[in-house]
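Residue numbers (my numbering), protein chains in the order written: chain Y, 238 to 391; chain X, 238 to 391; chain E, 238 to 391.
No wet-lab data here; the hints were simulated from the structure.
One thing to keep in mind: the hints can contain errors.
In silico lysine to aspartate or glutamate, EDC-like type, Cα no more than 20 Å apart, as pairs [stated by the list, open to error]: (1) LYS327(Y) with ASP240(Y); (2) LYS327(X) with ASP270(Y); (3) LYS247(X) with ASP322(X); (4) LYS264(Y) with ASP363(X).
From a predicted model like this one, the values you see are computed outputs, not experimental measurements.
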Amino acid sequence: MSDSPSERIKTLGLELPPAPPPAGLYKPILVVDNFLYISGQGPMLPDGNLMKGRAGHDMTLEEAKLGARQVGLTMISTIQTHFGDINRIKRIVKTLGMVNSDPDFGDQPLVINGFSELMADIFGADNGVGVRSAVGMILPGGIPVEVEAMFELH
Amino acid sequence: MSDSPSERIKTLGLELPPAPPPAGLYKPILVVDNFLYISGQGPMLPDGNLMKGRAGHDMTLEEAKLGARQVGLTMISTIQTHFGDINRIKRIVKTLGMVNSDPDFGDQPLVINGFSELMADIFGADNGVGVRSAVGMILPGGIPVEVEAMFELH
Amino acid sequence: MSDSPSERIKTLGLELPPAPPPAGLYKPILVVDNFLYISGQGPMLPDGNLMKGRAGHDMTLEEAKLGARQVGLTMISTIQTHFGDINRIKRIVKTLGMVNSDPDFGDQPLVINGFSELMADIFGADNGVGVRSAVGMILPGGIPVEVEAMFELH
Chain Y
238 MSDSPSERIK TLGLELPPAP PPAGLYKPIL VVDNFLYISG QGPMLPDGNL MKGRAGHDMT
298 LEEAKLGARQ VGLTMISTIQ THFGDINRIK RIVKTLGMVN SDPDFGDQPL VINGFSELMA
358 DIFGADNGVG VRSAVGMILP GGIPVEVEAM FELH
Chain X
238 MSDSPSERIK TLGLELPPAP PPAGLYKPIL VVDNFLYISG QGPMLPDGNL MKGRAGHDMT
298 LEEAKLGARQ VGLTMISTIQ THFGDINRIK RIVKTLGMVN SDPDFGDQPL VINGFSELMA
358 DIFGADNGVG VRSAVGMILP GGIPVEVEAM FELH
Chain E
238 MSDSPSERIK TLGLELPPAP PPAGLYKPIL VVDNFLYISG QGPMLPDGNL MKGRAGHDMT
298 LEEAKLGARQ VGLTMISTIQ THFGDINRIK RIVKTLGMVN SDPDFGDQPL VINGFSELMA
358 DIFGADNGVG VRSAVGMILP GGIPVEVEAM FELH
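Let's have the full structure, built from the sequences with the hints guiding it.
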């Protein structure tokens with residue numbers, strides 16, 4: 238993959254949702270030194286609404302994984318809106334993948350793969366894959382997935 | 238706001254609780270390069286006891302938000318006790334806001350605003366606001382809110 | 238303790254489990270600048286199986302603490318397998334300790350001490366102790382403890 242992230246977004250035909258307005262007092266992104274930190278993102282739909290659901294409760298693994306992919310699209314939209322050129326990202330360093338989970342749901346890593354596979358598609362099999370934890374929590378507004386991440390810039 | 242964080246703490250008449258003793262084997266703060274990392278802080282009261290409660294269970298949103306503000310006061314106390322001059326902090330970079338939540342409680346961002354608004358009051362509308370996730374968990378000792386953070390130093 | 242981490246591992250007679258295969262699309266470790274980031278690790282047993290259980294549900298505090306120690310052994314194994322010389326680690330900077338918890342279990346800090354005490358044994362009372370949060374979540378595959386960490390390299 239020698240094409241750039243922005244070219245891959247076009248080639249893959251990805252439809253980016255609008256960047257979500259902050260849900261509280263925080264910045265969507267912050268650049269410090271060579272790193273871009275991004276606040277926890279939920280799965281924004283193209284119509285501006287957030288997906289809802291809880292894995293193992295009213296949502297299957299596959300539906301939750303699609304939610305995690307939608308979080309990835311939302312994160313790209315947030316970066317483009319609040320930072321600018323996506324091609325300035327060198328690689329993803331760290332992901333905290335949070336899945337709204339019933340106590341007996343244990344497939345959080347497979348859910349968050351929906352996010353991680355999108356990052357690998359956009360930033361490449363090496364630079365698009367970083368370290369990660371994927372765990373279950375109780376998420377705000379009943380969203381199924383939230384992801385925060387740290388990227389390294391060129 | 239051209240006055241310093243320490244002056245704002247005085248002007249705002251903030252009452253800082255005692256810095257909590259570590260609840261396990263960890264350091265309250267650690268400085269690495271130009272960054273100050275701080276361990277998860279709970280809401281210490283001026284009398285040295287921790288607030289207790291779970292949002293959506295035996296605690297309202299407003300009570301939990303006051304708990305988050307108290308976590309902020311506790312964090313300032315921890316920084317002053319274990320690091321020293323609060324004016325050496327340039328800005329807050331990253332906050333992980335954790336709310337002890339019933340499964341159906343979804344207002345974690347509004348709860349953690351209690352912490353974030355205090356940081357903005359002390360460090361300013363730009364430097365006092367960083368990236369953030371605000372999510373629900375099960376917290377130690379039945380405290381309603383815990384926050385860990387990373388600050389950049391001058 | 239003037240001996241090296243690798244010597245301490247030998248002296249303490251620690252039995253390291255095999256490094257776990259990734260449970261999803263992520264790297265076990267990533268080195269950026271002078272820092273080693275490590276993905277969330279579970280408690281791998283020497284036979285290659287993961288411990289299972291939930292604190293306060295079907296697992297006592299002491300059992301969960303042993304689980305956290307096993308996570309530490311797993312992390313050392315992961316570092317040696319995917320990074321190499323453990324003696325290149327200068328100190329542990331930050332730990333996020335996640336405990337699979339029933340809503341009324343509140344001893345997460347004591348559980349995660351099982352991890353932290355091992356790090357102090359290996360890396361020393363100063364360099365082996367960093368900042369930490371220890372909180373309750375729902376963990377993948379029903380494991381009792383997961384820890385992610387950031388280390389500084391020499």
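| query | Failing hints, ascending? | reply | Nothing - there is no hint that the structure violates, so all of them hold.
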